[in-house]
Structure formats: C-alpha cells, structure tokens
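**Q** Model the full assembly from the supplied sequences, consistent with the hints where possible.
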Amino acid sequence: MPETTANLLEFPADDGLRNALDEILREGARKMLTQAIQEEVDAYLERRNHLVDEKGHRLVVRNGTHPARDLQTPVGSIEVKQPRVRDRRARDERERFSSKILPPYLRKTKSIEELIPWLYLKGVSTGDFSEALQALLGPNAKGLSPTTITRLKQGWAGEYEAWERRSLRGKRYVYLWADGVYFNVRLESPENRKQCVLVVIGATASGTKELVAIQDGYRESDASWRELLVDLKHRGLEEPPQLAVADGALGFWKAIATVFPTTRHQRCWVHKTANVLNKMPKSVQPRAKSALHQIWQAETREDAYEAFDTFVDKYEAKHPRAVKCLVEDQDEMLAFYDFPAQHWIHIRTTNPIESTFATVKHRQKRTKGCGSRQACLSMVFRLAVSAQRRWRSLNGAKLLSDVVAGVKFINGERAA
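Mapping to our numbering: the sequence shown position 202 is 202, numbers consecutive.
FYI, nobody ran anything at the bench for these hints, they're computed from the structure.
Just so you know, nobody snuck in bad clues.
Simulated crosslink set (DSS-like; lysine-lysine; CA at most 27 angstroms straight-line):
1) Lys-279 with Lys-324
2) Lys-254 with Lys-209
3) Lys-314 with Lys-324
4) Lys-233 with Lys-209
5) Lys-209 with Lys-408
6) Lys-209 with Lys-153
7) Lys-318 with Lys-279
8) Lys-398 with Lys-233
9) Lys-233 with Lys-171
10) Lys-282 with Lys-314
**A** What follows is the structure in structure tokens.
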C-alpha cells in the first residue's frame, strides 16, 4: 500500500537529533569562548614580556588555570576554564589580571540576565520561572529559583532609585513626549490603587530617543507634572525643549508653560482622534475618522485648516460636542508644520510611550496589578530601559541642529 503524504513528511518523534544539535552548539560556544579568553591572556602577557628578573626570566607568566565554572548561556550551560596569570614582581608593583570577556564571579551571560526580566514582564509567574528557563537553557540550569527573581526585583528598585537621581547636566532634548500611564496597585489603600505613572521620553540633538523621567503622580495634575519638570531642571536640564508632545491633559501643559515657557506645544493626534470619535455614534465614526486623518495628513497648514473647516461643516449640526473637542486646540494640533517634515511622523503623536507600555499593560492583566507602589515604578522602569535599546532614531536627524539653532520651517520645509 503506498505511503501517504502525511507519512512521508512525518518527522522522528525522538528528541535525540535535537539533543545532539544542542550539544554541538554548546561545544562550539565553549571552544570559541575558550579561544577568545586564551587570546586575551596571550595579549596581556605579550604587553609585559619585557618585564624580566636579573636572570632574564619573565615576571608575568601563566600559572595553570582557575577551577572550572558553569556559565549559563542561550545555548545552555557550558563549562569554562580560565587561564591563571601570575605576577612575580614586588607586591607594590603587581597587577591583577581580570578578564573583560569573563569577569570574576560571572555565572550568567548578559542575554540571560535580560531574559529573566523579559519573562517576568511577559507574565510568567515567579513560581514558574524554574520550569520556563530550564526549558530554554536545559535541565542543568541553576540559580533560577523564586528567590532569584525576588532578588532581581529588589535590584530593579535600586537601579531605579539611582537612575532617578542621575545628573542631567549638559543634556539637551529637542523634543519631549509626555504621558500618564495608569496601573493597579493591589496593596495600596483603595483611594491610591489606581497608580498614575508620569513618563517622559526625549529626543537628543543626535536623533536618538532616551528615557528621561518616570515618576508616580496624583493622577495627571499640574502639581505632579510641575514637580517632575522642576526636578529635571534642578538636576541640570537647563535648555528647554523646542517642542513637547502630549495628550490633552491640562496638568502637563500648565506645568511646562511655567517651567519651560518657550517650549512649543503639540497635541497628540491619536488621543485627539479617540476623544472626538467617542463623542459620536459608532455608525458615524468610520467616516469621521477618515475626515480627521485628512487634517493631520495634509501637505500644508493651509490644507489642514481647509480640512478642519470641512469637518466642522459636516458634523457641527448633529455632533457639536465632537466638533468643539476638535477645534478648541486647533493651533496646538498643527504646531508640527513649523518643524522639518521628516520629523512629522515622530512628533504628531505620543506613540513612543504608548507602544512601549503595551507590554507592561499585558503584565498587569496577568498578575492583576503590582503588589506595591515601589514594585510598580521599578517594573515600569525596567521595561522601559529594556525597550529603549530598540527605539528608532528620528528620521532626518541632521535637521535637529537647524531646529536647535532656530531655523524657521514652513510646512516642513526650510524657509528661504
């Protein structure tokens, strides 16, 4: 009887091939790491081969190897032996060799250190960590108990406190994005369980995005935002940003007008669109949304004003609340036209903040909220730091120097 297609495509159920491949990868990683460390030691000794005693014997030499240690890597646990270096000079002249490739006491590679918080933030519970990581790293993975995760979270809190006090002297942010993100905090009093975390991201003059501030606040009040902005200023952020991007929360705009009065205001089009559509029936929303897009996607400010007028003419009679919501911030909605067109995609919305904290929101749903205020802040901080490495640089970064210098732009183009 002929074999079916399913039988022909059937793969072996045995895991032997996979285990053999894992072993090959681990052995390859071990050999490469051993070779790299050997070359590092050879270079260290070569730079000191002129150091000899009265008989011409070298004073800095190999001296066997250190005890083997297991190193957790993405391909599993590998055993590593590091050469020992002996310095036979006088005690006050001796140097201690320390490998930059394999620092003392290192037991996990950097990627593994980042894997643990990533799993935690993705919703894996503390009790399930050992099983999850052993599945990824092999059955011999060590140091992955719930206690390890608890220590990691305590470390995040310490990192956050140090980061929050860092100096900002010499820093300059051309653009700022600001938003308040809400979280549930289980162990706080009922009136404080809805935690508001104020987040600020900045674009440097080189075009890279940086996490600037994370603080808890009382909702999004002007007092909370003012406290955050004043703190940034006192830590050295003296140059005001050219443009701030945020939603319609009045607290932030009142605060920044006081602390950085020369900063221009750009309201977030994503938030504004949602606010306008929420005041209209669902049957009308698709057409209204398309009309709103024609405003902020217009080539020129004049075209945008014309699209504004068209929206008002269409919907004011039946949906006055929606129209009022749109036109009350008309000038602030179109501030981006006074900046390079290459930057518009970045400065029309608070998307850098919204996209980053979607992962934290997922964690919140899985755990039904953070346990404490401090745990909430440190978790938000750790996620943002991890996400920061993947943030896109601004398009047209070279034009930021023109923005800083005060060059005038009209409809995204440099003025003649």
